[in-house]
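J.: If you want the building blocks of each chain, they are given just below.
2 protein chains.
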Amino acid sequence: MQGKGLLGQLIQNLCCLPGVGSKSAQRMAFHLLQGDKQGARHLADTIRRAIDEIGHCQQCRTLTEQDLCEICAHTARDPSTLCVVESPADVWVVDQAVVFKGLYYVLHGRLSPLDGIGPDEIGMEQLEQRLAQGLIKEIILATNSTVEGEATAHFIAEVAKKYDIQASRIAHGVPMGGELEFTDSGTLSHAFDGRRRMM
Amino acid sequence: MQGKGLLGQLIQNLCCLPGVGSKSAQRMAFHLLQGDKQGARHLADTIRRAIDEIGHCQQCRTLTEQDLCEICAHTARDPSTLCVVESPADVWVVDQAVVFKGLYYVLHGRLSPLDGIGPDEIGMEQLEQRLAQGLIKEIILATNSTVEGEATAHFIAEVAKKYDIQASRIAHGVPMGGELEFTDSGTLSHAFDGRRRMM
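As you go down the protein sequences, you meet chains A and B in turn. So in my numbering, the last one in the first sequence is 193, and the numbering has no gaps at all. So in my numbering, the last one in the second sequence is 193, and the numbering has no gaps at all.
Chain A with its partners taken away, still in its complex shape (with noise of 0.2 Å):
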């Protein structure tokens, strides 16, 4: 009976939202309908011109609606330190955790030969260009610690070699407030590999 109009439109495709179920769907809409219409118009806005307007930051490749993206616009970052994440949402991510005041290189993706996906899909030839340029003292490999973002991590080291720059890899281990009961096998066997002197 329900589900036909436009109500129902707008809860199935609230549900494409990642995260969102029909329950959630159906909140949402009848906040955005009854609590907050200025707020939603502007979602509505904000969205439409995201998606028109947002494309790749030429030097980085992160998300951005500008030529050069906030980051790569900054003067007062370090461009002697590259920073080489899979997404978008790490250069996010990362930006606001840690205190890392180089520049990024966003690879769209990791090595994953069987998947068709090889150096030319992640943009290396853009990377290796940067890397040439002989600015970039040392290269932070932040890929995910996949097997697949683990290859691709050692296969960027490698050219990194070749233009003699430092490679380095974000260190694994135990996570800050983690208990060693609950940690895996892995994880635990990376803490101990990577161990640091205290005194």
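Everything labelled a hint here was simulated from the structure, so no lab data went into it. Be a bit skeptical, because a hint or two may be false.
In this list, chains with the same sequence are indistinguishable; a pair is considered to hold if it fits within one copy or across any two.
As the list claims (entries may be wrong) - Cross-link-like lysine-lysine pairs, in silico, DSS-like; alpha carbons within 25 Å at most:
1) K31 / K155
2) K31 / K17
3) K155 / K95
4) K155 / K17
5) K155 / K131
6) K95 / K17
Remember, predicted model here, so these are calculated numbers, not experimental data.
Following the hints, complete the assembly by docking chain B onto the known chain A.
T.: Below, chain B without anything else, positioned relative to chain A:
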């Protein structure tokens, strides 16, 4: 550093949705921009259209883009039973869960004299006109089981009495699958008061 651009705006606007914090808003924004552009465009359009076009049903006051909502316009529904609820969301929930084939009336609130919400604010005049037409035989009061919801139900039951219409209140008791141990005392005493013979 981040959060100034269009992406930051999108994340901020998504936070206005109920149940969405900054982390989920981030995930949603990246999903909309990278994963599902077509779906995102659709979502923006539907939100806009919904705000512009959806109003209240002339008969039951629920949300609809038509003059009469689908339920009121449906010829197979039974016009002799009327279910009174507080909000359009309640209509949606009841109509999905219950095998109720009557019609609805939405109060858009509940009596709350302290907040200045009296009979006029919950559309009692229109409801009384409908009761006066003589078509309705039973009125089911499905307002929330809060103090104000109960008071509203009692008030409407009194009005229904004037027109010789039977008023009933939805049952309160232990929810299905609920355990006595974890049921609050108010609900339990309702459950005992409302007990039904089994054989």
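J.: Taking the hints in turn, state whether each one holds.
T.: Okay, the hints, checked on the actual structure:
1. K31 / K155: The answer is neither: 56 Å in one copy and 38 Å across copies each exceed 25 Å.
2. K31 / K17: both (20 Å within a copy, 23 Å between copies)
3. K155 / K95: Close inside one copy (23 Å), not across copies (73 Å); limit 25 Å.
4. K155 / K17: neither (52 Å within a copy, 36 Å between copies)
5. K155 / K131: Answer is within: at 11 Å inside a copy they meet the 25 Å cutoff, but 85 Å across does not.
6. K95 / K17: between (42 Å within a copy, 22 Å between copies)
Checked against the numbered hints above, the structure violates hints 1, 4; every other hint is satisfied.
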